[in-house]
Amino acid sequence: MNPVLELRNVSRVHGQGDAAVHALRGVSLTVQPGELVAVMGPSGSGKSTLLTIAGGLDAATEGAVLVEGVELGPLPAKARAALRRRAVGYVFQDLNLVPALTAAENVALPRELDGVPGRQARADALAVLAEVDVLELADRFPDEMSGGQQQRVAIARALVGERRLVLADEPTGALDSVTGEAVLRLLRSRCDAGAAGVLVTHEARHAGWADRVVFLRDGIVVDETGPSPQPEQLLGSRS
Amino acid sequence: MSALRACLRIARRDARRAPGRSALVLAMIALPVIGMTSADILFRSAQLDPKETVSRDLGTADAVLTSAFDSRQTVVQNVDASSVGTTSDGPSTRPTRPRTAAELAGLVPDVERYIVEHVTLTSAITHTGGQHEFQWHEFPYGDPLATGTYRQLEGHAPQTAGEVAVTEALAKSLGVRVGESFQLTSGTTVRVTAIVLDPHSLRAQTALGIAGSAPPVKPDARDTGLPDRVFLRTRTPVTWPEVLGLNAHGVIAVSRQAVLNPPPNSEVPGYDAAYQRSVRLAIAGVILLIVGLATLEVVLLAGAAFAVGARRQARALALVSVAGGEPRHVRRIVLAAGLLLGTAGAALGAVLGTVAAALARSWFEQKQGKLLGHFDLRPLEILAVLALGAGTGLLAAVVPARGAARSDVVAVLAGRAGTRTTPLRIPALGVVLVGVGIFLAGVGEAAQSALGSAKWILAGTALVQIGALILTPAIVGLSGRLGRRLPLTPRLAVRDAARHRGRTAPAVGAVMAAVAGSTALAVYLVSDAAHTKRFYLPSTRVGTAYVQFAERPDLRALPELRDAVARELPTRSAALVGVVGCNSAFDDRCTDYISVVVPSPTCDAGSSCGSSAIASAPLVGDKDTLRALIGHRDGRLETALAAGKAIVFVPGGTAQGKATIERSDANGEGRQSTVPAVEAPDLPGVQALFPTALAARFGGSTPSGIFIDTTRMPSQGEEDRARAALAGHSAAFLNVERGPQPPHSGILLALLLGTTIVTLGAAGIATGLAAADGRADMATLSAIGAAPRTRRRLAGAQALTVAALGTVLGVAVGFVPAIAYIHRLPGYSIQVPWSTLLTLVVAVPLSAAVLAMGVTRSRLPLVRRAA
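Just so you know, the protein sequences line up as chains A and B, in that order.
Position one of the first sequence corresponds to residue 3 (the working numbering), numbered consecutively onward.
Position one of the second sequence corresponds to residue 185 (the working numbering), numbered consecutively onward.
Derived from the structure by calculation, the hints contain no laboratory data.
Glycine is no exception: its CB is placed at the ideal position from the N, C-alpha and C atoms.
Be careful, since some hints might not be right.
A few chain B residues facing chain A, derived, Cβ under 8 Å [what the hints assert, rightly or not]:
1) SER186
2) ARG189
3) ALA190
4) LEU192
5) ARG193
6) ILE194
7) ARG197
8) ALA500
9) LEU503
10) VAL504
11) GLU510
12) HIS513
13) PRO754
Using the sequences provided together with the hints, build the complete structure.
This is the structure in structure tokens:
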């Protein structure tokens, strides 16, 4: 099976000379279809940078990033944007949705930007909203929804159309624990249905939903583990 | 297509989500569109179409003929005779007087019938007892031939000689209504049967009576000397070649046929195509300048507002990028907002402008003094205005759209808000444009023709403005370096403005453009006022009232008349004056001109320099006359006058106790003689005062008028009452010398007001933008212990920075065209409108600061840690 996301020895340096900051140093990561990978690490460890590079929002200074087998490095910005429309979806901690658009319009946005006719885009959006159980929210604006509902809609948007890669950056950070769990359950179920997910979190119990956990510190992968990790033990001596 | 629809949807919803900002942009775009639309409709409505022209000028007649004053002359006229001239004298066999109506009608073949309009000048007693002069037209306006010329508002057309129809203006002046009567100055009573309206002149003081109804020339009326107008009904239309034939006979002719089917310009004698083109070009240039400046203002102001919008929706735009939006999509969202608000604002403006034009119609007619034609809405022109409005919105969004498309998505998502500081460069292009603009304005100053000069000055001004706009970011940046010594809040404000030149510069530019225009106009207006004042030639000493006789007065009634007039004015002293010899004011045989010979005039500008505005010869009078003339008693002069000496008021007019008097006849041949004289200080309008004994040497004295020295400037009411006291002496005119009048204060005020609004608006927008950007900074300030009022103070300082920079730059830029233009006007000197400029540079920015402080909440924000 071809991996949905592959990072090969990726480095990212901000600035130059003395002011240079190494956000990532030679990180390699592979995410297969149906797999949810959690990325953990303290603040400033490079978790978010890893996600922005994985989706082509930022470019690696060294190494290669492949999404669905396509290497992002040589792609022009336009093609990377097209890739985000068709292959990659993001979910952030909050404020994920364009406030001026309804839930259905938010979900349809990548499709419409891709030139899919409005009616078709809306049908796709409604289908995926139904899959994540929030079809009744279709015509609500973001400020008419709860935080959990907004995150569900964001996950729907991340999966609309042909997209199979969800990059989630602390998607439960702004939610209470019950709602947070529900959102993660949804993410898990979408991965079980065939999508690939990368979940950035700093809470070990959230990482429990993942198939694997990757630990980052100062931009370096310090450990990798299978299901049911013991992160407190692993990080305890260093944090 | 669906991507574009998505962009439009986001823009539309965002506009609705920020109603305040959208309303502001809408208003900014709608206001100039309202102005342009209503101006266009009113301008077009004021231009009568040929049908309206013939109806007003000709009624239903086929032609209207008017004789030239001298029927030997050849007339050169355009088709509707709105421009008429005469050329060389024609055959001497024709009479030099105007042709009579019958003679005119005889010049046209096939005349079926005709009516005549004859004008006399007459006067009547008003309801307040004053005397009022007006025109008496003998014209049967009720005749079918005249239908359309005068409009009857109420009553019926006069039937007998004792009946008249009067215009609304005259009815108001006389205080009469239909059915009431008024008295001519001789006592003859006239009954008003109708109120009419002259479409050509709403202010016309006209009475219309039947033929032969006009009061006799003495004592009620005076002949105006205006030739009669003859309205003809012909069996065949009068053609343009026939009009030209009539012109050759010294006749001005307006033909229905020619006006409705105008001949080609090549067949109109004296039509100067090049001149017409240059006039049209000049008008187009001025319109272009006004529209261009208005558009520039809106683009800059609305541009800043769009920048606020783009900054506030930065995260939403970043999310669009995250969802796969390309920079062009982001650009389109911001542009769509511009297009949307531009179109909506323009549509709103066009509708309101049309309504405004309809509402302002009668006001405009009163202002213009004539009736407009039909409501002339030209869809294509309104569409052009609409397109301009919509385009303005789009244009205003271009720079913010580019900025939004280039923003760093990751930084925005991380809450680092992407405040990119532009590198500080002095744009060479701006410097070059300002230089070339000043040079061109200089070329204009030196240009020979007024039109050519205006062209260069306009072009130069435009270049200086554009150059200054390009330089604005650099100047804003430089100002940041001057902030080092300022206290904390102004220092923060100046630094913030300099770091975010992208949003500060358009606001400063908007203020600059508005202030530059106002400055240029204000400098011109005060320089013009100073010029008028400097070269004002008073007819006599300022504050003096004088009555001039245009008719030989009844000598016995004169003292009584003097007292009657003096009673109504704040009189210090009043005296009768005569003039040496005969009085040419009412004596046609009086062709002599008697004057004081001044070998080497040494008069200053502003002095009358020996002109004799009051009479054609030295005045004659006694010590009372002298007192009324100079305004006080002067023992030396009174003694000299009693000793039979002339008092000469022209500097350098006497030598060794004598003055040279020249008497020239109609042929210009003069004889000189000397008289004993003393010199008195310069007195405008009067050359000399002779005692009666001395006047006897030059043919004695004839009454000339009354001089009234006043204790203060008479009010308009006093002047009117004094004029009424002259009633019955229809040929005596009262003048009050009020000195140069201060002009244009209304325009200056309007300019100041308009500029203030723009400045406050720009400062407000820039401050709002800074507040949106600076939330994190404020939170930091708050965290380190800044008092809540710091936020207010900072807002005030930011508004002050924008307003002060803009006004100072604007004043500098505005002086360029003002100096260039005024320099080429002979006799003008540059005057600085200090009060206006100080208000602009000091008071307006301070108001902007106070206003910004007033509307800013002092609570400091808490900024959540960004995800």
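Outcome of the hint check:
For SER186 of chain B, the interface hint holds, the least distance from its beta-carbon to any beta-carbon of chain A being 5 Å, beneath 8 Å. With a least beta-carbon distance of about 6 Å to chain A, the hint placing ARG189 of chain B at the interface is held under the 8 Å criterion. Annotation: ALA190 of chain B was flagged as interfacial toward chain A, and the flag holds, the nearest CB pair being 4 Å apart, inside 8 Å. Given the 8 Å rule on beta carbons, the hint for LEU192 of chain B is violated: about 11 Å separates it from the nearest Cβ of chain A.
At about 7 Å, the closest approach between the beta carbon of ARG193 of chain B and any beta carbon in chain A falls short of 8 Å, and the interface hint on this residue holds. Because the closest C-beta pair between ILE194 of chain B and chain A is about 5 Å apart, less than 8 Å, the hint holds. Annotation: interface hint on ARG197 of chain B holds; nearest CB of chain A at approximately 3 Å, less than 8 Å. The beta carbon of ALA500 of chain B is positioned within 8 Å of a beta carbon in chain A (closest approach about 5 Å), and the interface hint is therefore held.
A least Cβ separation of about 5 Å between LEU503 of chain B and chain A falls short of the 8 Å threshold, and the interface hint therefore holds. Satisfaction of the interface hint for VAL504 of chain B is found here, the shortest Cβ-Cβ separation to chain A being roughly 7 Å, below the 8 Å cut-off. The interface hint given for GLU510 of chain B is met, as the beta carbon of that residue sits about 4 Å from the closest beta carbon of chain A, less than 8 Å. Evaluation of the HIS513 of chain B hint against chain A yields a held restraint, the C-beta minimum of about 6 Å falling below 8 Å.
Checking PRO754 of chain B against chain A: minimum C-beta separation of about 72 Å lies over 8 Å; hint violated.
Hint violations for this structure: numbers 4 and 13, all remaining hints satisfied.
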